[in-house]
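For the working numbering, add 80 to where a residue sits in the sequence shown, where the first one is 1.
Hints may contain errors.
Pair by pair, the computed Cβ-Cβ distance ranges are [as the list claims (entries may be wrong)]:
| no. | residue 1 | residue 2 | range |
| --- | --- | --- | --- |
| 1 | Asn183 | Lys112 | 27 to 33 angstroms |
| 2 | Gln211 | Arg185 | 36 to 42 angstroms |
| 3 | Gln158 | Leu85 | 36 to 42 angstroms |
Mimicking DMTMM-like on lysine to aspartate or glutamate, the simulated pairs with C-alpha atoms at most 25 angstroms apart in a straight line are [unchecked claim]:
| no. | residue 1 | residue 2 |
| --- | --- | --- |
| 4 | Lys112 | Asp154 |
| 5 | Lys215 | Glu142 |
| 6 | Lys215 | Glu178 |
Derived by calculation from the structure, the hints in this document are not laboratory data. Computed from a predicted structure; not experimentally measured. Cβ coordinates follow ideal geometry from the N, Cα and C atoms, glycine included.
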Amino acid sequence: MPTHLHAMVVHFPIALLLVGFLADIIGLFLSKAIFRQFAFYLLILGAAGVAAAFFSGNAAGEGLEEGSLGKAMDLHQQAAQTTLWLTMAALLFRIAGELLRRNYRWLRVIAFICFALSTIAVGRTGYLGGQLVFKHAAGVELNIGE
81 MPTHLHAMVV
91 HFPIALLLVG
101 FLADIIGLFL
111 SKAIFRQFAF
121 YLLILGAAGV
131 AAAFFSGNAA
141 GEGLEEGSLG
151 KAMDLHQQAA
161 QTTLWLTMAA
171 LLFRIAGELL
181 RRNYRWLRVI
191 AFICFALSTI
201 AVGRTGYLGG
211 QLVFKHAAGV
221 ELNIGE
């Protein structure tokens, strides 16, 4: 898998989860089902994006486990794994809440909390990924002498 693929896909889950969670909050305060439905679809797309970013990132980080870069990569990978689990949990609880409707309101509450935590986690993961690029120059190719 090409290493540049990770750089191409990471921005989608960040945007999808942030906008999706914002739509969920708006739907909660305005009691508008359209915003909650929009948030649900964005969560589905965001979860797919998180999975794509996670697996492409694992492939891109192969062989970079040493020194300060390795430590930074490890932090980023742990944050990405947390984001993946929280996002998948939010999606599963949300699907269960949608299927069971109002009988199990607590499922929607747990889904909302997981969605909030995954939104925070994706922000932290993105920050750590930015540190990899801008502080440690991970993935930066130098064209010296060309």
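Quick rundown of the hints versus the structure:
1. At roughly 22 angstroms, the beta-carbon separation of Asn183 and Lys112 lies outside the given 27 to 33 angstroms, and the hint is violated.
2. Distance hint for Gln211 and Arg185: a CB-CB separation of about 40 angstroms, consistent with the stated range 36 to 42 angstroms.
3. At about 21 angstroms, the beta-carbon gap between Gln158 and Leu85 misses the expected band of 36 to 42 angstroms.
4. For a cut-off of 25 angstroms, the pair hint linking Lys112 to Asp154 is broken: about 41 angstroms separates their Cα positions.
5. Restraint check for Lys215 and Glu142: the C-alpha separation of about 19 angstroms stays at or below 25 angstroms, so the hint holds.
6. Proposed proximity of Lys215 and Glu178 is contradicted: the alpha carbons are some 43 angstroms apart, above 25 angstroms.
The structure does not agree with the numbered hints 1, 3, 4 and 6 stated previously, though it agrees with the rest.
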